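Asker: Spelled out from the first residue to the last, the chains are:
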Amino acid sequence: MKNFVLSQTDYLVFPLIAVVLFFAFFVAMLVWVYRPGSKATYADRSRRALEDGLPGGER
Amino acid sequence: MSTRLDTPSEAPSDAGLETFAYDDAIVRKFVVATVFWGAVGMLAGLLAALQLASHHFNLELPYITFGRLRPIHTNAVIFAFVGNAIFAGSYYATQRLLKTRLYSDTLSKIHFWGWQLIIVGAAVTFALGITVSKEYAELEWPLDVAVAVVWIIYAINFFGMLKTRREKHLYVAIWFFMASIIAVALLHVVNSLAVPVSLFKSYPVFAGVQDALVQWWYGHNAVAFFLTTPFLGLMYYYLPKAAERPVYSYRLSIIHFWSLIFIYMWAGPHHLLYTALPEWAQALGTAFSIMLIAPSWGGMINGLLTLRGAWDKLRTDPVLKFMVAAVTFYGMATFEGPMLSLKSVNSLSHYTNWTVAHVHAGALGWNGFLTFGMLYWLVPRLWRRKGQKPALHSVKLANAHFWLGLVGIGCYVLSMWAAGIAEGLMWKEFDADGRLVYGTWSDTLPTLFPMYVIRAVGGVLYITGLFMMVYNLVKTAQGAEKTDQIAQAAPLAAETAESEHKSHWHRLLEGRPLRFTIYTTIAVAIGGALEIIPSLLIESNVPTIASVKPYTPLELEGRDIYIAEGCYNCHSQMVRPFRAETERYGEYSKAGEFIYDRPFQFGSRRIGPDLHRVGGKYPDMWHYNHMLDPRSTSKGSVMPAYPWLFEDALDLSLTATKLRAFQIFNAPYTDDDVRDAEKNARAQAAQIAEGLTKQVATMPDIRDKQIVALIAYLQRLGTDIKAAEGSAAR
Chain L
1 MKNFVLSQTD YLVFPLIAVV LFFAFFVAML VWVYRPGSKA TYADRSRRAL EDGLPGGER
Chain A
60 MSTRLDTPSE APSDAGLETF AYDDAIVRKF VVATVFWGAV GMLAGLLAAL QLASHHFNLE
120 LPYITFGRLR PIHTNAVIFA FVGNAIFAGS YYATQRLLKT RLYSDTLSKI HFWGWQLIIV
180 GAAVTFALGI TVSKEYAELE WPLDVAVAVV WIIYAINFFG MLKTRREKHL YVAIWFFMAS
240 IIAVALLHVV NSLAVPVSLF KSYPVFAGVQ DALVQWWYGH NAVAFFLTTP FLGLMYYYLP
300 KAAERPVYSY RLSIIHFWSL IFIYMWAGPH HLLYTALPEW AQALGTAFSI MLIAPSWGGM
360 INGLLTLRGA WDKLRTDPVL KFMVAAVTFY GMATFEGPML SLKSVNSLSH YTNWTVAHVH
420 AGALGWNGFL TFGMLYWLVP RLWRRKGQKP ALHSVKLANA HFWLGLVGIG CYVLSMWAAG
480 IAEGLMWKEF DADGRLVYGT WSDTLPTLFP MYVIRAVGGV LYITGLFMMV YNLVKTAQGA
540 EKTDQIAQAA PLAAETAESE HKSHWHRLLE GRPLRFTIYT TIAVAIGGAL EIIPSLLIES
600 NVPTIASVKP YTPLELEGRD IYIAEGCYNC HSQMVRPFRA ETERYGEYSK AGEFIYDRPF
660 QFGSRRIGPD LHRVGGKYPD MWHYNHMLDP RSTSKGSVMP AYPWLFEDAL DLSLTATKLR
720 AFQIFNAPYT DDDVRDAEKN ARAQAAQIAE GLTKQVATMP DIRDKQIVAL IAYLQRLGTD
780 IKAAEGSAAR
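Residue numbers (the working numbering), protein chains in the order written: chain L, 1 to 59; chain A, 60 to 789.
These are calculated hints, taken from the structure and not from any lab test. It is possible that part of the hints are untrue.
As the list claims (entries may be wrong) - In silico SDA-like links for lysine to any residue, alpha-carbon gap of 25 Å or less:
id, chain 1, residue 1, chain 2, residue 2
1, L, Lys-39, A, Trp-356
2, A, Lys-227, L, Pro-55
3, L, Lys-39, A, Ser-308
4, A, Lys-227, L, Phe-23
What the hints assert, rightly or not - Stretch by stretch, here's where chain A covers chain L in the computed footprint (C-beta under 8 Å, at least three residues):
id, region
5, 22-36
6, 42-55
Keep in mind it's a predicted model, so treat the numbers as computed, not measured. C-beta atoms are modelled at their ideal positions from N, C-alpha and C, and glycine is treated no differently.
Let the sequences and hints guide you as you build the complete structure.
Answerer: The structure is reproduced here in structure tokens:
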């Protein structure tokens with residue numbers, strides 16, 4: 001059992017690194033998404049989905 | 060009136076507009092296919108449900124016995140019904156979001172007809188027992204290749220629109236579609252890697268525990284990237300459309316997207332808890348499954364709150380009713396999933412109907428209802444009446460469909476929850492003397508029978524609703540015009556110059572589809588790479604057991620019959636390390652026992668008992684009688700009879716080729732073994748057949764029939780380890 005665990009150790013580092021990377025990425029994403037002044041940009045993005053480009057603005 | 064709130068200078072003047080037509084004809088085709096295959100897949104599901112209530116519904120027809128029908132049902136619903144809905148919905152939405160026509164009309168047509176042909180091919184091959192037996196990846200290799208080709212055509216046609224687009228920014232729905240296209244391609248290719256021995260038979264390159272890990276990495280992520288992320292894309296487009304207001308929080312949708320696609324890929328091992336899979340992989344699967352709640356609920360909240368200030372519409376609008384219920388079911392299913400991934404809960408729920416309840420809350424509630432909502436919204440817009448606003452033939456009928464469907468799901472899910480928990484508890488119940496209370500498998504069946512009936516009733520209600528929708532949609536489309544909608548937009552070049560200055564990195568990212576695609580691929584692939592590859596490379600993950608030997612030629616043929624008949628749909632081959640299981644079945648299963656199993660046959664459901672230790676448990680005669688008439692040996696069994704196995708000839712023409720393939724992998728067959736494969740198989744068959752005729756002189760000789768190979772395989776199952784009792788795993 002001990003040998004089994006030891007033989008795994010090196011490889012188990014990879015998932016750990018991935019989690020740390022993801023956590024860092026996640027925090028950076030949060031900071032950036034909520035950056036000051038971005039509200040209007042996102043409001044514009046989300047409204048564009050409602051627009052089909054039809055003549056006369058029909059939906 | 061324009062809804063753009065940009066600075067006036069950004070609004071293009073009328074002079075710079077280009078006029079073009081959306082390809083709505085292909086969307087109409089996919090819509091029709093969605094409805095048609097939905098009806099087929101759900102009717103197949105109803106028949107399967109009835110077969111579990113009474114074995115008579117198998118009709119003793121090989122083509123529709125439960126083991127062959129279940130893959131037809133699951134594949135028809137997932138890849139035909141949901142698949143066509145994704146294509147219809149994503150093609151309609153993406154053209155409009157990018158203000159461009161589909162990339163190529165020819166590719167669209169190849170995509171449509173190619174996919175429908177694959178579906179027909181799937182139904183025919185499964186009915187004939189041609190299957191790989193890996194759940195939701197049962198297609199044999201020629202069809203796997205066809206799926207890959209059509210998928211690439213879909214990808215080209217979809218990504219081609221990014222090139223011709225007239226809208227700089229990619230709306231979040233498109234991200235979900237793009238991630239789905241990439242991830243499904245990756246999953247499909249890796250999980251389908253196989254070595255063919257004929258046109259209709261192949262063996263996967265992975266074996267045993269590793270095959271199981273790859274399969275459930277695929278299986279779980281088929282749920283993620285076929286049933287979930289494309290539908291989230293649909294939700295982010297059609298829910299705002301139907302509610303006539305933008306999505307609740309675009310910021311949340313960004314966070315939702317990246318978290319979801321990163322985390323999903325890691326959760327696969329939760330399908331293999333308490334199995335012979337290495338402990339660390341199980342723990343990783345559970346941890347990421349729990350983390351999944353956060354992004355999933357982020358998405359649900361974003362969908363539901365899109366209705367802020369418009370909740371009154373829910374009273375009258377069937378489209379919103381279906382969509383809101385769908386998103387609610389999404390929330391329920393994504394809460395239940397992580398709960399089922401907790402090892403303590405899983406020890407009770409795994410292999411029971413609880414899993415069936417869980418997936419149907421997702422399939423009927425989330426996928427079904429979102430599709431219905433989308434169709435009720437789309438059809439009046441795809442089949443337009445001149446001078447009239449788009450409207451359904453009957454709103455009343457659509458509302459009735461909603462309530463009928465909801466009651467149907469209620470019957471289904473509640474009965475299967477009850478059945479699952481009851482089963483799980485019965486399997487584990489000991490009396491005061493330490494014996495299993497339900498020691499005989501069929502003792503548990505009377506408790507389940509009423510639940511199976513209620514489930515079938517739920518299915519009937521749901522399907523009745525579906526046919527009401529078919530009538531309603533046909534009436535809506537009758538006499539309407541089938542034209543391509545004309546649109547106007549400014550070409551991209553005019554818009555880009557200015558926005559380049561103020562762009563932040565994500566705006567750059569989403570403005571540059573290639574880079575976005577690469578980042579998405581990394582996020583998706585990292586889970587597979589860091590979790591799957593180590594488990595495939597480290598040999599110590601699967602401790603070898605000296606007494607485990609490859610199958611004899613006859614046993615190998617028997618195993619392939621076991622696979623063809625879909626036995627894994629009802630019987631697991633994985634004894635978990637619980638006292639209730641070792642009491643019932645014998646020694647728990649070790650990873651090293653499966654190294655020659657291609658594909659693995661762990662199974663995911665115990666409609667009948669586990670078979671991993673069935674070898675040597677009963678005499679050959681018992682198996683003979685059991686397969687001919689299961690009720691003769693097991694009173695009250697729901698298993699179908701397999702009379703054709705006693706009539707159909709045993710085909711040994713490929714046996715030597717099969718052994719050769721296994722030799723290439725890892726099985727220590729000698730060249731003599733390969734050369735004498737057929738002779739050795741005949742000798743073992745004769746031995747078994749003579750053993751039976753010696754007992755009962757009037758018995759027909761079965762040495763040339765399929766049943767003899769199946770008996771040989773069943774009698775071998777799990778016996779290698781008994782030969783080396785005590786000196787088992789290192």
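Asker: Next, verify each hint and record whether it holds.
Answerer: Results of checking the hints against the structure:
1. L/Lys-39 - A/Trp-356: Between L/Lys-39 and A/Trp-356 the Cα gap is close to 22 Å, so the pair holds against 25 Å.
2. A/Lys-227 - L/Pro-55: With Cα atoms ~20 Å apart, A/Lys-227 and L/Pro-55 stay inside 25 Å; holds.
3. L/Lys-39 - A/Ser-308: Since the Cα atoms of L/Lys-39 and A/Ser-308 sit roughly 10 Å apart, the hinted pair holds (cutoff 25 Å).
4. A/Lys-227 - L/Phe-23: 30 Å, violated
5. 22-36: holds (count 9)
6. 42-55: holds (count 14)
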